[in-house]
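Following the hints, put chain B in place on chain A, whose structure we already have.
Taken in sequence, the protein lines are chains A and B.
This note's numbering numbers the first residue of the first sequence as 1 and each following residue consecutively.
This note's numbering numbers the first residue of the second sequence as 1 and each following residue consecutively.
FYI, nobody ran anything at the bench for these hints, they're computed from the structure.
These numbers come from a predicted model, not from an experiment.
Careful, some of the hints might be misleading.
Given that identical chains are not distinguished, each listed pair holds provided it fits within a single copy or across any two copies.
[As the list claims (entries may be wrong)] In silico DSS-like pairs for lysine-lysine, Cα to Cα no more than 25 Å straight-line:
# : residue 1 : residue 2
1 : Lys398    : Lys259
2 : Lys231    : Lys207
3 : Lys271    : Lys398
4 : Lys172    : Lys209
5 : Lys172    : Lys259
6 : Lys172    : Lys266
7 : Lys370    : Lys291
Protein chains: 2
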Amino acid sequence: MRRKLFCLTACALITLTSWAQQALFNGNDIVSPEVKNDCSVTFRLYAPKAITVQLTGDFLSQEKNGIINMTEEKNGIWSYTSEKLAPELYSYKFRINGMDYLDPSNIYMNRDIATYTNFFIIKEKKDDRGYLYSVNAVPHGNVLKVWYDSPTLKMKRRMTVYTPAGYEKGGKYPVLYLLHGAGGDEEAWTTLGRASQIMDNLIASGKAKPMIVVMPNGNTNCEAAPGEWSKGMYKPSFMGHAGSKSIATMDESFPDIVKYIENNYKVLKGKNNRAICGLSMGGGHSFDISKRYPNMFNYIGLFSAALFMGNNNPQKETLEGMESDSAFKKEISTLFNAHPKLYWIAIGKTDFLYKSNAEYRKFLDSHKYKYEYYESEDGHIWRNWRVYLTLFAQKIFK
Amino acid sequence: MRRKLFCLTACALITLTSWAQQALFNGNDIVSPEVKNDCSVTFRLYAPKAITVQLTGDFLSQEKNGIINMTEEKNGIWSYTSEKLAPELYSYKFRINGMDYLDPSNIYMNRDIATYTNFFIIKEKKDDRGYLYSVNAVPHGNVLKVWYDSPTLKMKRRMTVYTPAGYEKGGKYPVLYLLHGAGGDEEAWTTLGRASQIMDNLIASGKAKPMIVVMPNGNTNCEAAPGEWSKGMYKPSFMGHAGSKSIATMDESFPDIVKYIENNYKVLKGKNNRAICGLSMGGGHSFDISKRYPNMFNYIGLFSAALFMGNNNPQKETLEGMESDSAFKKEISTLFNAHPKLYWIAIGKTDFLYKSNAEYRKFLDSHKYKYEYYESEDGHIWRNWRVYLTLFAQKIFK
Chain A
1 MRRKLFCLTA
11 CALITLTSWA
21 QQALFNGNDI
31 VSPEVKNDCS
41 VTFRLYAPKA
51 ITVQLTGDFL
61 SQEKNGIINM
71 TEEKNGIWSY
81 TSEKLAPELY
91 SYKFRINGMD
101 YLDPSNIYMN
111 RDIATYTNFF
121 IIKEKKDDRG
131 YLYSVNAVPH
141 GNVLKVWYDS
151 PTLKMKRRMT
161 VYTPAGYEKG
171 GKYPVLYLLH
181 GAGGDEEAWT
191 TLGRASQIMD
201 NLIASGKAKP
211 MIVVMPNGNT
221 NCEAAPGEWS
231 KGMYKPSFMG
241 HAGSKSIATM
251 DESFPDIVKY
261 IENNYKVLKG
271 KNNRAICGLS
281 MGGGHSFDIS
291 KRYPNMFNYI
301 GLFSAALFMG
311 NNNPQKETLE
321 GMESDSAFKK
331 EISTLFNAHP
341 KLYWIAIGKT
351 DFLYKSNAEY
361 RKFLDSHKYK
371 YEYYESEDGH
381 IWRNWRVYLT
391 LFAQKIFK
Chain B
1 MRRKLFCLTA
11 CALITLTSWA
21 QQALFNGNDI
31 VSPEVKNDCS
41 VTFRLYAPKA
51 ITVQLTGDFL
61 SQEKNGIINM
71 TEEKNGIWSY
81 TSEKLAPELY
91 SYKFRINGMD
101 YLDPSNIYMN
111 RDIATYTNFF
121 IIKEKKDDRG
131 YLYSVNAVPH
141 GNVLKVWYDS
151 PTLKMKRRMT
161 VYTPAGYEKG
171 GKYPVLYLLH
181 GAGGDEEAWT
191 TLGRASQIMD
201 NLIASGKAKP
211 MIVVMPNGNT
221 NCEAAPGEWS
231 KGMYKPSFMG
241 HAGSKSIATM
251 DESFPDIVKY
261 IENNYKVLKG
271 KNNRAICGLS
281 MGGGHSFDIS
291 KRYPNMFNYI
301 GLFSAALFMG
311 NNNPQKETLE
321 GMESDSAFKK
331 EISTLFNAHP
341 KLYWIAIGKT
351 DFLYKSNAEY
361 RKFLDSHKYK
371 YEYYESEDGH
381 IWRNWRVYLT
391 LFAQKIFK
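Only chain A is shown next, with the shape it has when bound in the complex (with noise of 0.2 Å):
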């Protein structure tokens, strides 16, 4: 065996400090969290000299505010086992004395613009939310960061591209072109979102077609995601970098992105292979992508979207205010007229853009234009995110 010359290095290296070889060889030996064939979870946390050591989540009651009192153990070492959770990825962190900390014995986090917090998922079955954001032992796409012209905004800019499983055999692609929210970047889909473990999956049982998906950066005032340009390793904020305006939005520049997947991929051309959708800002801008170029996309996804952007009236938004907007009805028009085959609009009930995508049904149905409606529990979460990629991933290119 090929470890023995290890073993015996780690062993004596465990001794000498950290720094001064590293921390190549530390770690401990808590479980956290242990998720249980009932699935429950045990959270264990190693805090000898803590006086409180609470945990924040996602799955726990919200009418606590989703935190709860751990119980100190023997050892120093505090836990907690939740009841029984469904498949699901959940989000967590532990609150020691007050102060947020993350698991120590969990590799596994997310950032959402400034904030890390740790994940875990619940599968229990084939096809189950918890299997579809797992890898699983199925075929894998691959994920790049790809660097492309935006003569439009006058940069390189990076962006993730998708490929699936099986794209260096042959064979032309359709393409999704999948947009995140403000205060995510071209990394959110991929980590937040799963969007390759969900696409590996559907994939692999048929469910979707195999697509190529194109994620983008939509903050136009950024070259990519915090650290990975030139500005340095700055802490994000909500619209991405603030120092600095954009020279173009994301409908004028968005032709450059286009043009440089149909050049570099195996792409399968013209608007019955092209899709969009987006979260949030993304939707805003899947909505005012479709509208701009009417003849792009034969698929078109609205998820929790900012329809309106940079709107400070909020008359625009009612039907009488959409009905009053001759230049916004003649986009509209000629974007129906244009027949896309699914236009998709997916909201929670709770989240706060409800009622301006109510509003914009509204004005579709008196023109009776047609378009497909998925209304979910709660609001602007990633939960209800990733569920609509499922979704709206198995309705294309069919």
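This is chain B only, laid out in the frame that chain A set:
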């Protein structure tokens, strides 16, 4: 401005609980670390109820184990300002009441096996270490996570591939195979190792030739990094996933990698267009692979190499032991009779593998086998390996 709506809605959401509408709009206003113009650095942490707050980092005096007490300022904020630091990538954590804690104001962190530490970079001027490890305003290569077939290991496996800026435009490129150490995986060189930044910057300044860099996973019992394959979201241990044996070694299975790269990328073929190097276990892999396939590489780099992996007999790692091993002597003889253009050995003065490397150099000297040697300060640490990559990359394909 398109930001108006989002500013309004963000303000509205801050009053909601974080889990109800996700942690999208959290964060704090503390700046930490703050790199000053004079290259001193201020660290800040909000910990109003803490009894002790310390800073632990690889830039602090090792005489005190790299730990220093922070001072409580007003409003519960603790701070520490370092002296002027030399250009470098530095790692740190906070220690509150004796427990390690990541900096909640710094989103930049690296994982080493199961432990995260925050990091920051000091750069003063072009081409210093901090510059080489930073993303600068130069053309960027793409970083790809791709799945290849390894018939030898009977697995599909994941690796990281860097393609240099301009790759899409045409031309063929030489290939550097860059191997990680025990505890690492196909993520290590692009996170801890800053390989894509080093290559972008060296290529942009003309100091290195444009090349493809291939970073495979050297744990032959794993398909991929933790969480990226079907073994689930396990906690990584020293030699990858501990639960299974591998059916072949890295050197036995290495041609599967070369085959995939040469079939799927625009690659210049032949020995003169292939280089291999690696750190620690990856140095051992480079040592094994280069002697197993003496006509595969013209450029070979051993960084703090774990030579003779799997050996249990210290006598074998001496000059006398090597001289008495006829099979080993024949392999090395065959390799050096094929006249590799560069055989480069680098190690730090306090590295725990220093002695076996020194004995190996004695052996090479006694046979007049031509190699280059670079000795640095310090031991088995990433700071050294980033420097070794920087030096090696400038010596190859020229």
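These are the hints, each one checked on the structure:
In the homo-oligomer, the alpha carbons of Lys398 and Lys259 lie at most 25 Å apart inside one protomer (24 Å), although the nearest pairing across protomers, at 36 Å, exceeds that limit. Taking CA atoms no more than 25 Å apart as the test, Lys231 paired with Lys207 passes between copies only; the shortest distance there is 23 Å, against 41 Å inside one copy. Taking the shortest Cα distances, Lys271 and Lys398 sit within 25 Å of each other inside one copy (13 Å), while across copies they are farther apart (47 Å). For the homomeric pair Lys172 and Lys209, the shortest alpha-carbon distance inside one copy (12 Å) is at most 25 Å, but the shortest distance between copies (33 Å) is not.
In this assembly of identical chains, the alpha carbons of Lys172 and Lys259 lie at most 25 Å apart whether taken from the same copy (16 Å) or from different copies (23 Å). Within a single copy, Lys172 and Lys266 get their C-alpha atoms as close as 5 Å, and across copies as close as 20 Å, so both meet the 25 Å cut-off. In this assembly of identical chains, Lys370 and Lys291 lie within 25 Å of each other by CA distance solely inside one copy; the values are 15 Å within and 67 Å between copies.
Comparing the model with each numbered hint stated earlier shows that all of them hold.
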